[in-house]
Amino acid sequence: MFMKHFRLIIIGGGPAGLSAAKIAAESGVKSLIIERDFKLGGQLVKQTHMFFGSEKQYAKTRGINIAKILINDVEQNINMITVMKNTTVVGLYEDNVLTVLQGETYTKISFDSLVVATGASEKFLAFENNDLPGIYGAGAVQTLMNVHGVLPGEKVVMIGSGNIGLIVSYQLLQAGVNVLKVLEAAPTIGGYKVHASKLKRLGVDILTNHSIKKAIGKDKLEKILVSELDDKWEFIEGSEFEIETDALCISVGLSPMGNLLSMIGAEMKYISKLGGLVPVIDHHHETTIKNIYVAGDVCGVEEASSAIVEGYLTGLLVSERLGFRHKDFDNLYDDYNSQLDNLRSGPFGVRTLEGLQELRGERNVK
Amino acid sequence: MSKKDIMICRCEDVSLEDLHNVLNEGFTSIEEIKRILRVGMGACQGNTCNLLVQREVAKFLNIPLSEVKTQKVRPLITGVKLKSILENANES
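These protein sequence lines are chains G and F, in that order.
For what it's worth, our numbering labels the leading residue of the first sequence as 4, then goes sequentially.
For what it's worth, our numbering labels the leading residue of the second sequence as 3, then goes sequentially.
Bound conformation, chain G alone (with noise of 0.2 Å):
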């Protein structure tokens, strides 16, 4: 049997993924989307509520319809873009060629560029008894939610106040679950003030400066042992409490997944500010290692409407480097970039912008 090959293949049907393959095939680019999940969209898949940014990247519009919108895009190419879902990238070798797990079938496909849109994964926190039945990673909590409808409790704290956490605090509510307490270890709240706002109308307390030091219970979670922090984030004696609680939600942060760039050798940095270890990138997205590009999280953490641009501006990026060159190169090579500075232009995205300086010395890429 001859190996299959693409021209072009994309690691992650999410956000930046489907995006890449969208304009890659505009450009004229064949390309395969490689998804683990059973189904295209990513995390866009369970984001019920409406996202910021202006309307180029679906302002005012639910994630889920986002996912819609970028995944009906992708089926609207269905001459130039392949699909495999339900299977995962296990190997990446240096002649080009990845190896597959699709089911229980096992295979190698070779490819000319590849894109890897793979996204960031949720971290995690080291307390007494941090392996009770009943204590979650936040997103996992949505996903169960809002993609299978299933609740993880009855009386819920939440630790992390970023936007996640957040999010996901107001989305539990709105599923009838009782929020107790949203707990932030710094001294102020991580996300935007209108989703804390929207928390706070609705009777939901976030203490800053606040955090857990042990979770207690038999079999399950039972409840927790909150601590108030000092300036060094060191525990304060004397200051605890107990809240009863039968699930916990941790939203402390994404890490970019980028184990596929690592076992091939590209060059990574641990930058703080971009969520952790990033593959070091050119102007073109593309890591030290040749034709193999990056786009979305795993190159920074930052939202969805950045990884939806930045995979746009790496599918057209990509494609010129393979000889086509989109009709309309010039305009959208601005456009992409002049949105990706709008959306880091705000208080969140300065942080992205230092991260990316710290990336490469003092040069403005990504």
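All clues stand as given, with none of them false.
Here are the in silico distance ranges between beta carbons for each label pair:
#1 F/76 <-> G/204: 45 to 55 Å
#2 F/71 <-> G/330: 41 to 51 Å
#3 F/30 <-> G/294: 34 to 44 Å
#4 G/64 <-> F/65: 36 to 46 Å
Here are the computed lysine-lysine pairs in the PhoX-like style, where the Cα-Cα straight-line distance is at most 20 Å:
#5 G/216 <-> G/158
#6 F/74 <-> G/272
#7 G/111 <-> F/85
#8 F/5 <-> G/216
#9 G/276 <-> F/71
Read the hints as simulated data drawn from the structure, not as lab findings.
Since the model is a prediction, treat every value here as computed from it, not as a measurement.
Ideal Cβ positions, reconstructed from N, Cα and C, are used throughout, including at glycine.
Add chain F to chain G, keeping to what the hints say.
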């Protein structure tokens, strides 16, 4: 604080106590720790524990997190049955 009840690696059942014991014995590189404790060698291949281990090593050596070298990632990224690999080898 009961360090044996703080789970660092859920796949391989490694606690903070296990990790601190190994650090105190003088094994401070993630590659060494991985070979002794199997952290990062389970089903999730370090997705959950990597950062927690890195953080403990940084604290122990009193260096920034960014200076702790992470583990070498090798194929395969998730469990693949030998049967599946064999079937592919027969076909190609």
